[in-house]
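Under the numbering used here, the sequence shown has 297 at position 297, and the numbering climbs by one with no breaks.
There may be inaccurate statements among the hints.
To be verified - Simulated crosslink set (BS3-like; lysine-lysine; CA at most 30 Å straight-line):
id, residue 1, residue 2
1, 219, 157
2, 94, 61
3, 61, 49
4, 134, 157
5, 219, 237
6, 176, 141
What the hints assert, rightly or not - DEER-style ranges, computed between Cβ atoms:
id, residue 1, residue 2, range
7, 190, 237, 20 to 28 Å
8, 212, 294, 30 to 38 Å
9, 96, 23, 17 to 25 Å
10, 150, 93, 13 to 21 Å
11, 237, 142, 22 to 30 Å
12, 297, 131, 14 to 22 Å
13, 187, 59, 40 to 48 Å
14, 219, 32, 32 to 40 Å
15, 187, 96, 45 to 53 Å
16, 31, 171, 40 to 48 Å
17, 65, 190, 48 to 56 Å
Simulated from the structure, these hints should not be mistaken for laboratory data. A virtual CB, placed ideally from N, CA and C, is assigned to each residue, including glycine.
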Amino acid sequence: MPSRLCIISSLLGLLSANPIGAETVAVVYPETREPYQSIFLSIIEGIEKGGRFPIKEYVLKPNEPVENILGWLTQEGIGTLIALGASGLELADKLPDPMRPVVGAVLIDPDTTTRDVMGITLAADPEVVFERLKDLSPATKRINVVYNPERNAWLIKRAQEAAQRRGLTLRAFPAKNIRESALVYREVLQDVRAQADAIWLLQDDTTLDEQAVLPFILKEAWDGNLVVFSSNPTHVKRGALFSLYPDNVGMGRRLATMATKGASPGNDDIVPLRDLSTAVNLRTADHLGLDLSSRDRSQYSLSYP
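Let the sequences and hints guide you as you build the complete structure.
What follows is the structure, given as structure tokens:
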């Protein structure tokens, strides 16, 4: 078996000979069960549609040595890599310079990551989220969000700018764990105004307890006529007004574009997710006095009940 040094040397030669997007692109994703496998396959479908280049797939087994992937890339003559999921991000950290993979289908904090990667984090772009909020609930003037500054400071910074551009006020409350966030949510919900205020739930298990805190938020929001929105469609089923969640095929198309064009080093190469589908709760909308049922249903991917 060739040494890792030989494999890396061959791979570096390949990278210098083949510009990004000119040859076959590898898509690496973890071995997993349904429904996650279908998610990865949908992303790959989008890559195929958006890339106009042949692709080859590699399924990562748990704890697979990086030498296996490096050897396969060299054997297949591949210099460009799209890595999906948490294990794909871990792989990206082990690849030799100057190989710079495109990463997707995983939450990434651009401010703290030390990996030299470009890609799309699963965090929804506040620009798109707030645009949908204004569309569904025009009376909303103020957004309240509890966030962990160690994970989502970068997202809140973008959100503040996006809110200001739309004439919205964003009140962001830091909390480092579930205990702190529960106390903050209680305080926030005592200082909100019916119709005018909304609660934004982030994708972060350090600030949102699905078993205790979420039901409390949804009940208080229902009683107080508040909009609740998130990035988890199950929250809509439980009473949130709407959720924006990944359009996996659309995400794949955008990853393919990034792989084709490449990018210069820097944190701006990690971008929030803009390809999003919408789930709405029509019962909650009716309770809030929002007539969504008469709209074209094609703009909603999911609707409850």
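Please write out, lowest number first, the hints stated earlier that are contradicted by the structure.
-> Violated hints: none at all, because every hint is consistent with the structure.
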